[in-house]
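> Okay, here's what each chain looks like letter by letter:
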Amino acid sequence: MVRLIKSEIFKLLKKLKSWLGPLLIMILVLIAFPLSIDISQFDLDKFYFSIIVVSILMTSFVATEGMFEEDFEDGSLEQEFLLEKDFYKLALAKIFVFVFLIGIPLALIGAIFSFANGVAFNSFAKVFLILSLSNLLLFNVFAFGNALSINKGAMLGVLSSLPLALPVIILLGSSIRTIQYGDGFISIIALMIGIGLLMSALMPLIISAALKTHID
Amino acid sequence: MFDLAFSNLHEILDMNGHGIYVWSVYALGISMIVISFSIAKKRESLAYKKK
Amino acid sequence: MKLLSAQNITHSINDAKLFYNLSFDINSAEALHIRGGNGSGKSTLLRIILGITTPSKGLVELIKPDLKISYLGHKNAVKSYLTPLENLELLFHDAELKHAFKWLDQFGLTNVQDELTANLSFGQQKKLALIRVMAQSSELIVLDEPFVGLDQATADQLKNFLAEKLSEGVGLILTSHIDPMIECIELDLGV
Amino acid sequence: MISAFIHKFSSPKSYVRLTEKLYPFFIVLGVSLLTLGWIWGLLFAPQDAVQGNSYRIIFLHVPSVIFAELIYFFMAICALMHLVWRVKLAAYLIKAAAPIGAMITFLGLFSGSIWGIPTWGTWWQWDARITSTLILFIMYLGVITLHGSFSNLIKADRLMSILVIIGVINIPIIKKSVDWWSTLHQPASISISGGSSIDPSMLYPLLISIIGLGFTLISLGILSSRSYIFTREKNKKWIAEHV
Chain P
67 MVRLIKSEIF
77 KLLKKLKSWL
87 GPLLIMILVL
97 IAFPLSIDIS
107 QFDLDKFYFS
117 IIVVSILMTS
127 FVATEGMFEE
137 DFEDGSLEQE
147 FLLEKDFYKL
157 ALAKIFVFVF
167 LIGIPLALIG
177 AIFSFANGVA
187 FNSFAKVFLI
197 LSLSNLLLFN
207 VFAFGNALSI
217 NKGAMLGVLS
227 SLPLALPVII
237 LLGSSIRTIQ
247 YGDGFISIIA
257 LMIGIGLLMS
267 ALMPLIISAA
277 LKTHID
Chain G
59 MFDLAFSNLH
69 EILDMNGHGI
79 YVWSVYALGI
89 SMIVISFSIA
99 KKRESLAYKK
109 K
Chain H
407 MKLLSAQNIT
417 HSINDAKLFY
427 NLSFDINSAE
437 ALHIRGGNGS
447 GKSTLLRIIL
457 GITTPSKGLV
467 ELIKPDLKIS
477 YLGHKNAVKS
487 YLTPLENLEL
497 LFHDAELKHA
507 FKWLDQFGLT
517 NVQDELTANL
527 SFGQQKKLAL
537 IRVMAQSSEL
547 IVLDEPFVGL
557 DQATADQLKN
567 FLAEKLSEGV
577 GLILTSHIDP
587 MIECIELDLG
597 V
Chain L
159 MISAFIHKFS
169 SPKSYVRLTE
179 KLYPFFIVLG
189 VSLLTLGWIW
199 GLLFAPQDAV
209 QGNSYRIIFL
219 HVPSVIFAEL
229 IYFFMAICAL
239 MHLVWRVKLA
249 AYLIKAAAPI
259 GAMITFLGLF
269 SGSIWGIPTW
279 GTWWQWDARI
289 TSTLILFIMY
299 LGVITLHGSF
309 SNLIKADRLM
319 SILVIIGVIN
329 IPIIKKSVDW
339 WSTLHQPASI
349 SISGGSSIDP
359 SMLYPLLISI
369 IGLGFTLISL
379 GILSSRSYIF
389 TREKNKKWIA
399 EHV
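Residue numbers (the working numbering), protein chains in the order written: chain P, 67 to 282; chain G, 59 to 109; chain H, 407 to 597; chain L, 159 to 401.
Careful, some of the hints might be misleading.
Claimed, not checked - Mimicking DSSO-like on lysine-lysine, the simulated pairs with C-alpha atoms at most 30 Å apart in a straight line are:
hint, chain 1, residue 1, chain 2, residue 2
1, H, Lys481, L, Lys313
2, L, Lys333, G, Lys99
3, L, Lys179, L, Lys392
4, H, Lys474, L, Lys313
To be clear, the hints were calculated from the coordinates, so they are not data collected in a lab.
Just chain P, with the same shape it has in the complex (with noise of 0.2 Å):
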């Protein structure tokens, strides 16, 4: 387990486009959408949330498209299978480390934009909190459509985990209202914590099954 998160850790870091990409097109969206907008007539702060969950959304999607397409093409998934027989570990270790990488940096993105767009200071540290999360539980979504659709383009991996995708943005949104107004905080990140943990452990034995046949 620490060979195969060590070695995706170093892989994931020599691959700059991967790695550094999703979160310039994050960057690049919060940006670019205050300026598309007359922000005069526009309480921007009030509706700023969803322009952040919908880069999450998108931004995920993208950090996690070819996750397992390039171990596939060059024969990584066999030699892999030949050491520990299935792909869980792998499936976790891959997840663990893009949610580390790349989706911890998104959410840090998130929350300083909602600060700057006039949130205050002290839910920063929440904003950031449920970020992390939300990307902990797409980010297994997303692998997931990538390992059935690897090489077949995103159209058939948006397809496939779109709709697995969406009550996360739900339960991201209504997060975002309790920080909002204030109250059910914890019981939400409490219901996200658990979520998570339950999707981490889940999530790989189905990738690994798609790999499985994949390589089949």
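Use these hints to put chains G, H and L onto chain P, whose structure you have.
Positioned in the frame of chain P, the structure of chains G, H and L alone reads:
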């Protein structure tokens, strides 16, 4: 319970102004079912022919 | 010593039947050469032996469940955006890594060890991929067309390596349309 | 034991034999009940006190929405059989059912949104039921696209089954979360006047339409699954004997 709810053909088609909605929905429904049956029939004869 | 036995393997993809009712054993210190024309299912048979592909019918039984296998298929399993050195460091540690560096030297790849693998020639990439098999200690070596793209000198090195491994008691399965020049049991899949 | 039992009764051969006998009954039953239900509903059932005549869409809408979900559950059972017991027929049935499910879900969505025009004054409302039906429609499209993307059909069958199973677990999650989201800022969705205590003069034609559409869809499923089985198993001996 078994009385016609309308008194003439025009009323049936018009349905107090709602006819356009009701009939378009049923027209689409029926045609989709019919089309999918004909596609399935066609596929079946193709499958037989391939033998 | 028997390493694995394949019993009544039948496999077909969609409607195309690749092979029918194959049975064979693989023993240690023995080489099995799988021959056959293009599309006869050589690579698929290797993958069935490895347990990657599930055969349509039949069974591949590993006598020792945790048999250590090293394998090189059509795909090189090297990362094109890493250097050869980084690729090896990703795969091996300690003694094995030293061993891998030794082979890097023997294959004459030391002068390109810090270039990106993507910029290496086909043959150089193949050599790099072969190091995976050579530096690993294993009980069974499975190679799919290992001689393709290799120059004569490297092919000889590979042959010597395989002969040496065989004498050490390692089992070997390979497909090749070039005569491997090792004493092999032949399995012909036909056209 | 179980596996042997399942395989005996789920060979494509016995399925084709059985459905060949049932098909004529099912199609006659389905079409005649559906015709009866719709004519009754469209012409004889009384007007709704609140919505007027536009409510007559219900005789198409409600059966469609019911089968939109039922077909997915059916696919999920098949997917389980395919993954656990490797029943080939189950995968064929999923492949045949998915387009039918997509069609009927689309019909449910379309009729719902047309119904919305006279009722809400808008054809689309982000209402909980509509939203989850829309997601269901996307899920059907996902299943169809997935199977179409792979040339190795055994792989396609297995991946499709995985997706269907994940999807069926996801359905209650979607419903729950969408409900939760919509109660936060949406009024409740439309209901027939009187709610659950719907008048028999409207209920009977509705029930008949549901049963009729059910048999019609089953016949459609039989028809398309049979031709799919023929294409998939065309090299098998029993097909040659059968034709």
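> All hints, please: hold or fail.
Quick rundown of the hints versus the structure:
Restraint check for Lys481 (chain H) and Lys313 (chain L): satisfied, since their Cα atoms lie roughly 20 Å apart, inside the 30 Å limit. Between Lys333 (chain L) and Lys99 (chain G) the alpha-carbon distance is near 36 Å, which puts this suggested pair outside the 30 Å criterion. The suggested pairing of Lys179 (chain L) with Lys392 (chain L) holds, with an alpha-carbon distance near 21 Å, which does not exceed 30 Å. The hinted pair formed by Lys474 (chain H) and Lys313 (chain L) meets the criterion: a straight-line CA distance of about 27 Å does not exceed 30 Å.
When each numbered hint is compared with the structure, a violation occurs for hint 2 only.
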